[in-house]
Amino acid sequence: MAATQVNPTRMELTRQKKKLATARKGHKLLKDKRDELMRQFLDLVRENMALRQKVEAGILAANKNFVVAKAGMSEETLHTALMAPKQEVYLETDKKNVMSVDIPVFEYKTRTADENDIYSYGFAFTSSDLDDAVKSLADVLPEMLRLAEAEKACQLMAAEIEKTRRRVNALEHVIIPQAQANIKYITMKLDENERSTQIRLMKVKDMMLEETHHYKEKQAAKAQ
Amino acid sequence: MYKIAVIGAYDSIYGFAALGLDTFPVSDAQEGEKMLRRIAEGEYAVIYITEALAAELKHEMSRYQEQVIPAIIQIPGVSGNTGAGITGVKKSVEQAVGSDILFGNN
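Protein chains in written order, with my numbering: chain A, 1 to 224; chain L, 1001 to 1106.
Source of the hints: derived by calculation from the structure; they are not laboratory data. A hint or two may mislead.
[Said to hold, decoys possible] Straight-line alpha carbon distances no greater than 25 Å define the calculated DSS-like cross-link-like pairs of lysine-lysine that follow:
1) L:K1091 with L:K1058
2) L:K1090 with A:K31
3) L:K1090 with A:K54
4) A:K17 with A:K31
5) A:K33 with A:K18
6) L:K1091 with A:K96
7) L:K1003 with A:K135
8) L:K1003 with A:K54
9) A:K33 with L:K1090
10) A:K86 with L:K1003
11) A:K54 with L:K1091
12) L:K1003 with A:K96
13) A:K33 with A:K163
14) A:K95 with L:K1003
15) L:K1058 with A:K54
16) A:K184 with A:K17
17) A:K109 with L:K1003
18) A:K135 with A:K86
19) A:K218 with A:K205
20) A:K205 with A:K216
21) L:K1091 with A:K31
22) A:K163 with L:K1091
23) L:K1090 with A:K163
24) L:K1091 with A:K33
25) L:K1091 with A:K95
26) A:K96 with L:K1090
27) L:K1058 with L:K1090
28) A:K17 with A:K189
Since we're looking at a predicted model, the values are computed, not measured.
My request is simple: use the sequences and hints to build the entire structure.
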């Protein structure tokens, strides 16, 4: 029997049947959604990992260069050199819809037309190591932005996949079996009611016939 | 029009200023938390955060995890790579698949 109490009526039966049909359809759709999300996620997460390794290696190298640059210059000169940046990066953001998940798309723009216009200092008082360091960092920037895009998308998709998976499981293991059990319970109950009504009618018919024709009395008289 | 922020210890992030990213040097976790909250609600679409600082601001960062913007991305600081960024990627695989089937062995 079903865990929850349902009224064994025809109306309830129709309702439960409708619910089962909807649940089945929803289950199929969500399952498809989950599979497709998973496929795209796996591609994206592989890209994410590759980008991350590249970016981390790039930043590590850049940091080394900065340490070297710092060693060759006084701290004040370094601070002054980087104090007023010439370049500025702006982001245009857009959203892309992947299987109902909004993932960000970034497009970056630099303030000056020349992207390589990154040296915010005169070359007189700074070492060439600093130029190298800034250049090495500038080289990883496009990849850092793609990493930001990919990683955010992965996080959002992972959350959505988890949600979808839960829904699929809930439908498959709770809602659908429950509806099926309810339908079975109601059908059995209705059949049972029908049988008992039938029997009752037969009995009533017998009694009514008895009352009009007095079969039993006649039979008794005949026997005597 | 959004901008890009970099947050972390000064030594790890000062180089990014030259590229035109906005740098926000912080010295401790408390300051970092306040700063992160301020810039996350501002005009920044991407926030790079050093792994060292991120480790102390896990709770604060998780608030922005489900939002499309800002994207908070961990980067290694000057003191070296702690592997937190890679762990983050693995974690999202684990969340989606149930177990880490892609990068489990490295």
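Evaluation of the provided hints:
no. : hint                 : in the structure
1   : L:K1091 with L:K1058 : 13 Å, holds
2   : L:K1090 with A:K31   : 24 Å, holds
3   : L:K1090 with A:K54   : 16 Å, holds
4   : A:K17 with A:K31     : 21 Å, holds
5   : A:K33 with A:K18     : 22 Å, holds
6   : L:K1091 with A:K96   : 23 Å, holds
7   : L:K1003 with A:K135  : 20 Å, holds
8   : L:K1003 with A:K54   : 23 Å, holds
9   : A:K33 with L:K1090   : 22 Å, holds
10  : A:K86 with L:K1003   : 15 Å, holds
11  : A:K54 with L:K1091   : 19 Å, holds
12  : L:K1003 with A:K96   : 19 Å, holds
13  : A:K33 with A:K163    : 11 Å, holds
14  : A:K95 with L:K1003   : 16 Å, holds
15  : L:K1058 with A:K54   : 24 Å, holds
16  : A:K184 with A:K17    : 10 Å, holds
17  : A:K109 with L:K1003  : 10 Å, holds
18  : A:K135 with A:K86    : 14 Å, holds
19  : A:K218 with A:K205   : 18 Å, holds
20  : A:K205 with A:K216   : 15 Å, holds
21  : L:K1091 with A:K31   : 23 Å, holds
22  : A:K163 with L:K1091  : 16 Å, holds
23  : L:K1090 with A:K163  : 18 Å, holds
24  : L:K1091 with A:K33   : 21 Å, holds
25  : L:K1091 with A:K95   : 24 Å, holds
26  : A:K96 with L:K1090   : 23 Å, holds
27  : L:K1058 with L:K1090 : 16 Å, holds
28  : A:K17 with A:K189    : 15 Å, holds
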